[in-house]
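Participant: Protein chains in written order, with the UniProt record's numbering: chain A, 1 to 290; chain B, 1 to 333.
FYI, nobody ran anything at the bench for these hints, they're computed from the structure.
All residues carry an ideal CB built from backbone N, CA and C; glycine is no exception.
Among these hints, one or two may not hold up.
[To be verified] Residues of chain B placed beyond 12 Å of chain A at every Cβ, according to the derived structure: (1) Thr89; (2) Gly102; (3) Leu273; (4) His274.
[Claimed, not checked] For each label pair, taking beta carbons as the anchor points, the in silico distance ranges come out as: (5) B:Leu130 with A:Thr211: 30 to 36 Å; (6) B:His164 with A:Val276: 54 to 60 Å; (7) B:Gly157 with A:Val276: 40 to 46 Å; (8) B:Thr15 with A:His37: 34 to 40 Å; (9) A:Arg171 with B:Asp109: 55 to 61 Å; (10) B:His164 with A:Gly68: 54 to 60 Å; (11) A:Gly134 with B:Thr54: 18 to 24 Å; (12) B:Asp80 with A:His205: 16 to 22 Å; (13) A:His205 with B:Thr54: 21 to 27 Å; (14) B:Leu192 with A:Val34: 32 to 38 Å; (15) A:Thr211 with B:Gly62: 45 to 51 Å; (16) A:Gly39 with B:Leu130: 15 to 21 Å.
[What the hints assert, rightly or not] Here chain B is said to cover these stretches of chain A; the calculated rule only asks that three of the stretch's residues, wherever they fall, bring their Cβ under 8 Å from a Cβ of chain B: (17) 27-40; (18) 113-122; (19) 126-132; (20) 263-269.
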Amino acid sequence: MSTPQHPTPPSAAPQWQAGSGPSYPGYTSPIPVVRTHLGHAIASEWTKIRSVRSTIWTLGVFVVLVVGIGLAVAGLVSGSATEVDYGQESPLSFGFFGVLLGMMCVVTLGVLTTASEYGTGMIRTTTTACPSRGRVLAAKSIVFFAVAFTVTFVSVTLVGLMDVAMLDGARQPTGQEWLKATLGVSLYVALLGLLSLLVGSIIRHSAGAITLMIALVLAPLVIALFMVAQALEWLRSGLFSYSIPSQIGVFYSTSLGDSGPSGWDPLWIAVGVTAVAFAGAVALLHRRDV
Amino acid sequence: MIELEGLTKRYGEKTAVDDLTFTVRPGIVTGFLGPNGAGKSTTMRMMLGLDRPTSGDVRIDGRHYDRLKDPLTAIGALLDAKAMHGGRTAYNHLLCLAQSNGIPRRRVDEVLDTVGLTAVARKKAKGFSLGMGQRLGIAGALLGDPRILMFDEPVNGLDPEGIHWIRNLMKSLAGQGRTVFVSSHLMSEMALTADHLVVIGQGRLLADTSMPDFIARNSRGYVRVRTPQREAFLDALRAAGMAVAEVDGGALEVDGVPAERIGDLAAQHRVTLHELSPQQASLEEAFMQLTAESVEYHAHGAAPSDRRDGTDRPAAPPGARAGDGWGAGWEGK
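Please take these sequences and the hints and turn them into a complete structure.
Facilitator: Below is the structure:
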């Protein structure tokens, strides 16, 4: 690390223009005053998200998991299956496993986007630069959602195309199936990441928020697995079919049980939960000190 | 201009800031002084809208901070050197701040140059020393070329050359007509930079005065005399109507009289002098006296019991080390 060069006197500060100020006396800067808006906050958040290594890491691992596992499963299946084995199953459904694991990366990045600012103290600088706390959260949400959606969409579309190409024994997926396995899954994963971002803003602690989100994703499924009592059957099937892995399965027509959400339902559930979390996060931001 | 009115912040039972009312004016450096835990940082956070006051009000050029449409061009703040993401480069840290306020990108390079970090602009902030982090924080404060600047303990972690630089920086910023508000817990540091002084202790306002006034009121000037004919000279001094104090080690301290007159008096009475030296009680002592009652965390065994005498003249207690005038203490402490 080189030492900083000897600083020059602050001649970079522009000259003082006397007079023409507002009702309050003092210095007037030649830099034009800009009325800031959401666009500025979005540009700022875009710079933030692309300039830290955790973004590259989490999204890199995400792509490797989704594409790698997707292709590995397709390879295994195409190596052993005959036409009869596929039955009525769409070849797109083999993309499910990669998304299931890769989702954790999006959850982690979502949490880090907000919680790491509290961990590092950056939030004080951010809030000073943009005192409208709701605007900061909205900008973070928009930028993160766009990034998560784009990366997921590209990955799952790639996996879908490969699946269809490799598994030539299976039937051709319908247009609706294509839409759900690409657009639907991408929207759902990006929403889950956005929920993590909001939980990060509420909890303000990276490890805590990531743990909570992983528990939210896995706990219902794990609890249901061990719920053997007959009297709890209704709870068990509810936990199974509304667990997040099962809801992702809905987009691939591989959900656990028939009682739960179907079609595009998981997306509407995710939109509802995320909207509630957003309202809660904004309310807390306005109430709490930074 | 920053205006505080009855600003109060309570955390449960504890009152961190208690009914502060004062104004920070443009064109001068205002020092904000108080011992650790006095509420300086809490007050600054409320000025910036980070913490909400329990009651009272603080306005930046007549507006609440969160109503400013151009926050970084109105006020630039260095809160602490660690208020940044260590994984981001210095350049990107400043860039995201600039973008959030629509400040032109070229300003990032300008302020990096101003604080002397151009060489490490593309290095990650977590590799920075405390002093470099402090410079980066100052660059962030200067980014919007703001009318008001606020520095919380800016000399922390800076080397003597850096301290000298920041003093000049603050003075020149104030000279351009800006409002400069700087906190410190070192009286000696403030004596060198501030034109006006606001002192708080345990969240309460203890003093709001100009620096020359504070010095005039609080720094006791006296002359120290040592002579082998102590008793005889003591009588002579008293006969001449001078206030003399006898201190340990056999010296005499004469208040409020120029050294010349004492020398003349000694010559008249044919008294041999071994020492005749004008002294100034340190402002550090005066500050400690002022805040002694309100120091929240002090080390055991060093309780300032001899300063709780309730006198309103906060001069150095007898026997206190008074040789090093104000300004001498900042390196050692």
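Participant: Against each hint, give a clear statement of whether it holds in the structure.
Facilitator: Cross-check of the supplied hints:
1. Thr89: Given a closest Cβ separation of 7 Å, the condition is violated.
2. Gly102: 3 Å, violated
3. Leu273: 47 Å, holds
4. His274: 46 Å, holds
5. B:Leu130 with A:Thr211: 30 to 36 Å: The hint (30 to 36 Å, Cβ to Cβ) holds, given that leucine 130 (chain B) and threonine 211 (chain A) are roughly 32 Å apart.
6. B:His164 with A:Val276: 54 to 60 Å: Taking Cβ atoms as reference, histidine 164 (chain B) and valine 276 (chain A) lie about 55 Å apart, which means the hint holds.
7. B:Gly157 with A:Val276: 40 to 46 Å: Roughly 44 Å apart at Cβ, these two residues keep to the hinted range, so it holds.
8. B:Thr15 with A:His37: 34 to 40 Å: At 38 Å between Cβs, range holds.
9. A:Arg171 with B:Asp109: 55 to 61 Å: About 60 Å separates the Cβ atoms of arginine 171 (chain A) and aspartate 109 (chain B), which means 55 to 61 Å holds.
10. B:His164 with A:Gly68: 54 to 60 Å: 57 Å, holds
11. A:Gly134 with B:Thr54: 18 to 24 Å: 23 Å, holds
12. B:Asp80 with A:His205: 16 to 22 Å: 19 Å, holds
13. A:His205 with B:Thr54: 21 to 27 Å: 25 Å, holds
14. B:Leu192 with A:Val34: 32 to 38 Å: 37 Å, holds
15. A:Thr211 with B:Gly62: 45 to 51 Å: For glycine 62 (chain B) against threonine 211 (chain A), whose Cβ atoms are near 46 Å apart, the range 45 to 51 Å holds.
16. A:Gly39 with B:Leu130: 15 to 21 Å: For leucine 130 (chain B) against glycine 39 (chain A), whose Cβ atoms are near 36 Å apart, the range 15 to 21 Å is violated.
17. 27-40: Since three or more residues must qualify, the claim that chain B covers the stretch 27-40 of chain A holds, with 10 doing so at under 8 Å.
18. 113-122: holds (count 5)
19. 126-132: holds (count 7)
20. 263-269: violated (count 0)
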